[in-house]
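Q: Each chain, written out:
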Amino acid sequence: MPTITASLADLSALTGETLSPATVEALLPLVKGEIKGLSGDEIKIELNDTNRPDLWCPEGIARQWRARRLGPQRYPFFDRAPHAPSSIQADPRLGAIRPWVGGFIARGSAVTDLFLKSLIQTQEKLSDNFGAFRKTLSMGVYRAVHIAFPVFYRAVGRTERKFVPLGFEVEMTLAEILEKHPKGVQFGKSALPLKGPVPILEDAKGRILSFPPIVNSRASGEVKIGDTDLFIEMTGTNFWSVALGLNICAANLADRGYTIEGVNTLYAEGSAPPLGRLVVAPHPLADCLVREADLPAPLVSELLGAPLSPREIAEALFRYGVEAAPCALSGTRGSGPGLSKEKTISCRIPAWRMDFMHPVDLVEDVLLARGLSSVVPAMPAEFTVGRSDPLVAFADAARQAWTGLGFEEIFSNVLAAERDLCERLNRRPGLVARILNPYSASYAVLRDSLLASLLRVEAASAKALYPHRIFEAGEVESIVGDSFKTQLRLAALIAHDKANFSELQASLWAFLVPWGKDLSILKPERPDPAFISGRLGKILVEGRPIGQIGEIAPEALESWSVRVPCAALEIDLAALREILFPAA
Amino acid sequence: MTALTPEQIAEGLHLHEGDVLWVLRKANAALSDGSLYESLKEKGLEEAQVRSAAERLKLKGVVSVAKEEVQTWVFLGGISRGHAREGSVESRIQKYLQTNQGCSPVKARNDLHLTQEEWGTAFGNLKRLGLVETTPEDGLKWKGGAGEAQLKALDEVLLKLGDQGKLALEELSPEQCEEVKKRCRKSRGSGKDLFQITETVKRWYAITDLGRSALTIFETRSAAGLERQYDFSISPPRIVAGRAHPYRAFLDWVRRKLVSLGFEEMTGDMVESEFWNSDALYMPQFHPARAIHDVYYVQKEGAAAGRDPETCATVPSIEESFLANVSAAHENGGKTGSRGWRYRFDHARTRRMILRSQGTALSARWMAKKDLAIPGKYFGIARCFRNDTVDATHAPDFFQVEGIVVSRTINMTHLLGLLKLFAQEVARAKEVRFLPAYFPYTEPSVEVHIPHPAAGWMEMGGSGIFRPEVTRPLLADPEARVIAWGLGLDRMAMSALGISDIRDLFSSDLEFLRSKPAVFL
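The listed protein sequences correspond, in order, to chains F and H.
Quick note on numbering: the first sequence equals residues 1 to 584 in the numbering used here.
Quick note on numbering: the second sequence equals residues 585 to 1105 in the numbering used here.
Any given hint could turn out to be false.
[Claimed, not checked] Mimicking BS3-like on lysine-lysine, the simulated pairs with C-alpha atoms at most 30 Å apart in a straight line are: (1) H:Lys-711 with H:Lys-679; (2) F:Lys-195 with H:Lys-884; (3) F:Lys-135 with F:Lys-162; (4) H:Lys-884 with F:Lys-189; (5) F:Lys-463 with H:Lys-786; (6) H:Lys-750 with H:Lys-691; (7) F:Lys-485 with H:Lys-953.
[Unchecked claim] Simulated coverage check for chain H against chain F, where a stretch passes if three residues somewhere in it have a Cβ under 8 Å from a Cβ of chain F: (8) 722 to 735; (9) 824 to 836; (10) 883 to 890; (11) 917 to 930; (12) 961 to 970; (13) 987 to 994; (14) 999 to 1005.
[Stated by the list, open to error] Have a look at the derived ranges for each label pair, beta carbon to beta carbon: (15) F:Gly-543 with H:Trp-1041: 57 to 67 Å; (16) H:His-931 with F:Arg-68: 40 to 50 Å; (17) H:Glu-626 with F:Gln-400: 55 to 65 Å; (18) F:Arg-428 with H:His-931: 29 to 39 Å; (19) H:Ala-888 with F:Lys-517: 43 to 53 Å; (20) F:Pro-514 with H:Pro-821: 23 to 33 Å; (21) F:Gln-400 with H:Val-649: 48 to 58 Å; (22) H:Glu-1063 with F:Gln-400: 23 to 33 Å; (23) F:Gly-516 with H:Ala-888: 43 to 53 Å.
What the hints contain is simulated information worked out from the structure, not anything from laboratory work.
Virtual Cβ for every residue (Gly too), placed ideally from N, Cα, C.
Take the sequences, apply the hints, and build the full model.
A: Now the structure itself:
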């Protein structure tokens, strides 16, 4: 989730109100924001809605806040396709590399220090957060006076062209930039293919503007305070992100007093942009992303639990910046069960928002405008029966029984080091659920038995008052056939000078005998080197195996540096439950 | 402590203390703890009881310590326990080589079932003593020589210890002493040592004048049948008792709460498909929280660790009806009335196996149940996993409690009502604050905050009404709605248990666990 830095004075100017930290805090729910820091005029705001990149800048926040007083804001360039004298021509060879491009020109206001900082921040948030580290979207800003249109978006070989990138004094090839320039190192691998041609933007006079999405050229790409004419460009692998990003920036610059001049992008024959081969930016996006929708009034009332009239709903949406008017539903859009003859609200969603997918998204806008405090907490009226999972309930009973037998319960993490499960138990590596991308070798597999968890406690508790009688009931991950299965097991361990098999068996029998089942211990078919050979038994209840019990092998004790003899058992709780409660 | 009078001492004298005093007065000389025990064992006293009585008497000033002597004992070390009668590893190698001259080191080690470490240490010793020789052509050879005497000395000690358990160091010959000392660290034998040396102190006690007076009064009191007067300031002995684990007890308590509020428990597997963990919850496949650096993938059998998704284990299939509806919801909304996320749904990716990253996966599974009772309230306490560093605020795996209410009449008022109830009942919060939030699977979405003594407010969890893109493809009833919430339990438990490091919730230290209450009301 992005965190931005803003100035209270700037936010106040953009909102048209004098804001204090307290009023900011009160207004932040409207943009799902939280104050993360405050020092003097500077305020850090975390924005929680990852689907509203238009709010990741002071202009966007202020626009949303203005709406509550002024309603939806209209920008002329979204109402009709703007006149576009300039153009960008896209190279079809970029189709497989980074196909989409667009831009616009902003004129008429001088860049200030504060605005420049804010613009750079917006560029970072859009490119790095929303653009997935510049892959799906990245943004560049240039001094427009240095650019001769049309601009060409071209695929070139990595050593074919040279230019002086921002922050450097010498000409570099694109390959050198990827290798040496800090931005090349940071974004090259994630945002561009590892081999083959890469994109550049150059103007009609053959001057390189930038190497998108890595770095601008020093000549035209270094915006200075006082510049009045800017060219904003975006490229990426996601067409809609590029279009939306340009719309957000155009609205931001318009809010800063700039006049927006559209730029056409011309795609070559054969490429298939979703909006046709000639795309203008900024774009109303009217027919492509859903911009107009009918919101059924009953849906709002049903979800919010408050009877709201279409007028009240429209009024709330208006205050959230959505153009909305009650109307009788005529078409079939948005029809749901029993809604066809109900009143609906016809809505028009701003061109800088992409979060609308379903009418429920408008319901949330209504809620945000009215505030969460408008919802009166209530209890669901329908009666339901509470119930534990039967196996968990059985595990509870077993745990209670073992505490009653004088055992102390332990509780461990399921992630373990593979070494702890095999080598340190004197066992051979077997089939366990291994993590493909472990964070560290200490937590690289899911435990397949509880024995290591018990020994870990024993190893860490040499100074704890003896005797030690411990147990754990918990999940292990087993491989059954060719699939993984989470099992609930119970394991117990005794550790003291005279700990042995029969003492632990006595506890096990005390646990099992009351059910009156046939109990026996048999020699296992296969030895388990974690236990002393000849002192390991298979536990059978009614002739069915449920686990094993034995004395732990000195080699295993040794590798955990446990100095006292230990006996341990491990049983499968589901198997035991099936035998004891066959009907359940 | 003010000095006690003979009368006060006599009143509180323990029977064992009386016995010790009586023996000392009779002997009229200083007696060692050993001989005190010899005189009293017929009365049924144990060595430890005699020692502790003598020490208590010393504190009361009724006996004095006339002499002290430090004694050094040799015990078997960690690796020789159970093997003492086989002799040292070195002499086992000797016996083996004498009949297997010229074999390879690997064969010898395997035949003798020695670990790399055991072999390395013993073989190093033998080389140092000049007893073995190894050449690439001739393999291992036993050379013999003066060093054999040292091995013999060592084996004698091992054999004796095998029989007797402990030996006084002074009983050993000088060569044996030297060998033993070489092979252990003082007093705390590491597990890797052959021997362990422990020192004990032998004390000689004598009765003082105060002791004689106290004993006389004690005898009179005993003759008169007067009971001993207890000293209530003494702490009782510690015992080890069976008890629940504090964090488990907390989780149990949360479960009991939810069951009592009419919720039925959901459970599920730790290894989950991307489909049920994320896709079914309408999290787009490009969502950053689904990236390889955030989620743990499960390795395909035989593959190596790494970051190549091709080596990720996959489930054989996803039930077709759910898969078709969910993928359509992502791509264009399908029949949900949504426009969808508008990208190409990856059908290979959805089958990838991951470690459950959110408890909400349980809710997705439950909603898809054909026999799900509607209206119904469901909850699950789920162990979850995220690819993250392990530190004071991140455990390797952690718990979330997740809940859904499925009903045709459920709405936001009920969501806030239940959240408020949980804040009061589960987190014991007096106040609760709701803030708008964003989650890919709910709309509207709400975060719950409760007061925190240090941090002001603390986030208790997230919630909302499941989007139609989530419920329509899964639920049998198209008109039912679902409110959902997920609360992190670890932080609540830490605050209830007074713990500041999350790893302590899973502590391996028994004494630490014993220091925490395991009762929640």
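Q: State for each hint whether it applies.
A: Going down the list of hints, with the structure as the test:
1. H:Lys-711 with H:Lys-679: holds (16 Å)
2. F:Lys-195 with H:Lys-884: With a Cα-Cα distance of about 28 Å, the restraint between F:Lys-195 and H:Lys-884 holds, given a limit of 30 Å.
3. F:Lys-135 with F:Lys-162: Roughly 23 Å between the alpha carbons, so the hint for F:Lys-135 and F:Lys-162 holds.
4. H:Lys-884 with F:Lys-189: holds (26 Å)
5. F:Lys-463 with H:Lys-786: holds (24 Å)
6. H:Lys-750 with H:Lys-691: The hint is violated at about 35 Å.
7. F:Lys-485 with H:Lys-953: holds (19 Å)
8. 722 to 735: Violated, because only 0 residues of the region 722 to 735 of chain H bring their Cβ atoms closer than 8 Å to Cβ atoms of chain F.
9. 824 to 836: Three-residue rule met by the region 824 to 836 of chain H, so holds; n is 9.
10. 883 to 890: Since 6 is at least three, the answer is holds.
11. 917 to 930: holds (count 8)
12. 961 to 970: Holds, because 3 residues of the region 961 to 970 of chain H bring their Cβ atoms closer than 8 Å to Cβ atoms of chain F.
13. 987 to 994: Held - the region 987 to 994 of chain H has 4 residues with a Cβ nearer than 8 Å to chain F, which meets the minimum of three.
14. 999 to 1005: Holds: 6 residues of the region 999 to 1005 of chain H have a Cβ under 8 Å from chain F.
15. F:Gly-543 with H:Trp-1041: 57 to 67 Å: holds (59 Å)
16. H:His-931 with F:Arg-68: 40 to 50 Å: Check passed, 44 Å falls within 40 to 50 Å.
17. H:Glu-626 with F:Gln-400: 55 to 65 Å: violated (45 Å)
18. F:Arg-428 with H:His-931: 29 to 39 Å: Holds - the Cβ-Cβ distance for F:Arg-428 and H:His-931, about 37 Å, lies within 29 to 39 Å.
19. H:Ala-888 with F:Lys-517: 43 to 53 Å: Since the Cβ atoms of H:Ala-888 and F:Lys-517 sit about 46 Å apart, the hinted range of 43 to 53 Å holds.
20. F:Pro-514 with H:Pro-821: 23 to 33 Å: Because 31 Å falls inside the window, the suggested range holds.
21. F:Gln-400 with H:Val-649: 48 to 58 Å: holds (50 Å)
22. H:Glu-1063 with F:Gln-400: 23 to 33 Å: Violated, at about 43 Å.
23. F:Gly-516 with H:Ala-888: 43 to 53 Å: Since the Cβ atoms of F:Gly-516 and H:Ala-888 sit about 51 Å apart, the hinted range of 43 to 53 Å holds.
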